[in-house]
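Starting from the known structure of chain A, fit chain B onto it as the hints suggest.
So the sequences go chain by chain: A and B.
full-length UniProt numbering applies: residue 1 is where the first sequence begins, and numbers increase by one.
full-length UniProt numbering applies: residue 1 is where the second sequence begins, and numbers increase by one.
Don't read these hints as lab results, they were simulated from the structure.
Note that this is a predicted model, so its numbers are computed, not measured.
Errors might be hidden in some of the hints.
Negatives, chain A to chain B, calculated, CB over 10 Å [to be verified]:
1) E31
2) E34
3) R83
Straight line, CA to CA, 25 Å or less: simulated DSS-like cross-link-like pairs of lysine-lysine [said to hold, decoys possible]:
4) A:K76 - B:K131
5) B:K56 - B:K69
6) A:K76 - B:K120
7) A:K107 - B:K152
8) A:K2 - A:K188
9) B:K122 - A:K76
10) A:K110 - B:K152
11) B:K152 - A:K76
12) A:K113 - B:K152
Stretch by stretch, here's where chain A covers chain B in the computed footprint (C-beta under 8 Å, at least three residues) [to be verified]:
13) 80-86
14) 136-150
From the three backbone atoms N, C-alpha and C, an ideal C-beta is built for every residue, glycine too.
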Amino acid sequence: MKQGRVLYESTLHHVTEVDGRIQLKDGRLVEEHEVEWLPPVETETIFTLGLNYADHAKELSFTSPLPEPLVFLKGKNTITGHRGTTVRPEDVEFMHYECELAVVIGKSGKNIKNEEALDYVKGYTVANDYAFRDYLENYFRPNLRVKNRDGCTPVGPWFVSKEDIEDPMNLQLRTFVNGEKTQEGSTKDMILGIPELIEYLSSFMTLNDGDMILTGTPKGSVDTKVGDEVMTEVEGVGRLTNTIVSE
Amino acid sequence: MTRVNFKLQGFSQLKEGTLHDDFQKITIDEKQYNVDQLKFDNPITGTLYGTLLNYKGEYEQLKPEMNDKPYQKPPQAPILYIKPINTFSTHHNPIPLPEGEEQVQIGAALGLVVGQTATKVKAEDAYDYIKGYTIVNDVSLPISSYYRPAIKQKARDGFCPIGPWVVNQGEIRDPHNLAIRVSVNGEVKQENYTGNLIRPIPELVSEVTEFMTLYEGDVLLIGVPENQPLAKEGDQVSIEIEQVGRLNNRVVHEDDVFVSEVAVDEAR
Numbered sequence: 001m002k003q004g005r006v007l008y009e010s011t012l013h014h015v016t017e018v019d020g021r022i023q024l025k026d027g028r029l030v031e032e033h034e035v036e037w038l039p040p041v042e043t044e045t046i047f048t049l050g051l052n053y054a055d056h057a058k059e060l061s062f063t064s065p066l067p068e069p070l071v072f073l074k075g076k077n078t079i080t081g082h083r084g085t086t087v088r089p090e091d092v093e094f095m096h097y098e099c100e101l102a103v104v105i106g107k108s109g110k111n112i113k114n115e116e117a118l119d120y121v122k123g124y125t126v127a128n129d130y131a132f133r134d135y136l137e138n139y140f141r142p143n144l145r146v147k148n149r150d151g152c153t154p155v156g157p158w159f160v161s162k163e164d165i166e167d168p169m170n171l172q173l174r175t176f177v178n179g180e181k182t183q184e185g186s187t188k189d190m191i192l193g194i195p196e197l198i199e200y201l202s203s204f205m206t207l208n209d210g211d212m213i214l215t216g217t218p219k220g221s222v223d224t225k226v227g228d229e230v231m232t233e234v235e236g237v238g239r240l241t242n243t244i245v246s247e
Numbered sequence: 001m002t003r004v005n006f007k008l009q010g011f012s013q014l015k016e017g018t019l020h021d022d023f024q025k026i027t028i029d030e031k032q033y034n035v036d037q038l039k040f041d042n043p044i045t046g047t048l049y050g051t052l053l054n055y056k057g058e059y060e061q062l063k064p065e066m067n068d069k070p071y072q073k074p075p076q077a078p079i080l081y082i083k084p085i086n087t088f089s090t091h092h093n094p095i096p097l098p099e100g101e102e103q104v105q106i107g108a109a110l111g112l113v114v115g116q117t118a119t120k121v122k123a124e125d126a127y128d129y130i131k132g133y134t135i136v137n138d139v140s141l142p143i144s145s146y147y148r149p150a151i152k153q154k155a156r157d158g159f160c161p162i163g164p165w166v167v168n169q170g171e172i173r174d175p176h177n178l179a180i181r182v183s184v185n186g187e188v189k190q191e192n193y194t195g196n197l198i199r200p201i202p203e204l205v206s207e208v209t210e211f212m213t214l215y216e217g218d219v220l221l222i223g224v225p226e227n228q229p230l231a232k233e234g235d236q237v238s239i240e241i242e243q244v245g246r247l248n249n250r251v252v253h254e255d256d257v258f259v260s261e262v263a264v265d266e267a268r
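Bound conformation, chain A alone (with noise of 0.2 Å):
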């Protein structure tokens, strides 16, 4: 089941999907315009794979492998919902987008191995982990001005229940700037996949109920400018709608 969380008339609802609208808790259909999307979950800690497929390590001229997985967090003040506005700031020459598989753990647990690690999914949402380039620095790279800024990290617009999804791991991800598609990968081609990743978090630090894991972008990330309607999907998942503004 799709499940949603929006301002409809100034009040909060927990919405799901019905043949393409959206049905409120008592059973009235509204348009998805209609509506403000707030994020489909609230998320305790963030996660963040950088370079977890090969052809984006690769696009950005990294040519060996880690050492170690690139591992970062967000706060909450970066997370923005469905149909929301990114800013891009005047200074920036180079923000992209990054589409992106985002997993809901559902319990908590330690040391979960990789044959249990779906046991602790809730469900998946999509991502767009946009960066700005132009602020990259080595010093915990990619460091929060890149990738923690207010608004930065719209999600949504559904969460969709672990048990819709057949296979987390091959699901096509595309990203459309105004209509025309920029990016295109699959979930397979991640580096460190889905329980590998839970199997690796878990192993040094607990995770939490309602933590979320976005889980890296395939190759194909390219600049985008104000008046931008960049549309992230996940196959089966939904797909997500950011408009790109100035300050």
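Same frame as chain A, now just chain B:
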């Protein structure tokens, strides 16, 4: 006399109190207690951000390498990191020493507790957004390089004792004039003071909130001074920040943290 806010274990509400006698006594609702009689809980509610390389001494130590690989040039904007909630711990709670590790690094930090939503704050207004100050032990496994985020070293369970309390902002006239002292088993291992910053508090708050909002309850560490002491299993660690308090924790093997009543009692 210092007015503080804090949370006690088992009680859901924040309490106010007044500290006296060198942090030994506290008055709550007009009754006086010995501080060590109380079980303090983590007093913060939001996201905790640390700041790298903000102590002049720490910066100077890395400076000779800053133009070489992998850093290429000195840092331009504040370099931050997040201590996630699995790391949060309390005064007197044991610090887990992971299996296979010999020791942990003690990161003595003054934490700025945010009092209201802070976005693009001007340096001269920074204190309007700070509700108070607390002590944070930013525990870490030793870090050999600052090139990549140090999640595996810094984000371990229990690696961030906080507290015991939050000192109201107005109680401290000059937060850049506080001595910081770390003792291990009663012996002073590190001394520094909060004036030794590359970016003083107003500039730090301003430059951080230029790109990210801090919300009420979030905490921003002003940095960790150089030459961080190490602590091994069984060591009793105390971080003292002048006018703010003392945060005490014992390092315990990770297998013993849930059942370390003995360790906790000894820590008192």
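Structure-based check of each hint:
1. Against chain B, the non-interface label of E31 (chain A) holds: every CB pair exceeds 10 Å, the least being about 31 Å.
2. Distance to chain B confirms E34 (chain A) as a non-interface residue, since its nearest Cβ pair spans about 28 Å, more than 10 Å.
3. At roughly 21 Å, the least C-beta separation between R83 (chain A) and chain B is larger than 10 Å, which holds for a residue marked as non-interface.
4. A threshold of 25 Å between alpha carbons decides the hint, and for K76 (chain A) with K131 (chain B) the separation of about 20 Å falls inside it, so the pair holds.
5. For a cut-off of 25 Å, the pair hint linking K56 (chain B) to K69 (chain B) stands: about 21 Å separates their Cα positions.
6. At most 25 Å may separate the alpha-carbon atoms for a hinted pair to count; K76 (chain A) and K120 (chain B) meet this at roughly 17 Å.
7. Note on K107 (chain A) and K152 (chain B): the hinted pairing holds, with a Cα-Cα distance of about 21 Å set against a maximum of 25 Å.
8. Our distance criterion of 25 Å between C-alpha atoms is met by K2 (chain A) and K188 (chain A), whose separation comes to about 23 Å.
9. The hinted pair formed by K122 (chain B) and K76 (chain A) meets the criterion: a straight-line CA distance of about 22 Å does not exceed 25 Å.
10. About 14 Å separates the Cα atoms of K110 (chain A) and K152 (chain B), which keeps this hinted pair within 25 Å; it holds.
11. The straight-line distance between the Cα atoms of K152 (chain B) and K76 (chain A) is roughly 21 Å, inside the 25 Å bound, and the hint therefore holds.
12. A C-alpha spacing of about 18 Å is found between K113 (chain A) and K152 (chain B), which places the hinted pair at or below 25 Å, so the restraint holds.
13. Judged by the Cβ-Cβ criterion of 8 Å, the segment 80-86 of chain B is covered by chain A as claimed, because 6 of its residues qualify and three suffice.
14. For the segment 136-150 of chain B, the proposed coverage by chain A is satisfied: 5 residues have a C-beta within less than 8 Å of a C-beta in that chain, meeting the threshold of three.
Checked against the numbered hints listed earlier, the structure breaks none of them; every hint is satisfied.
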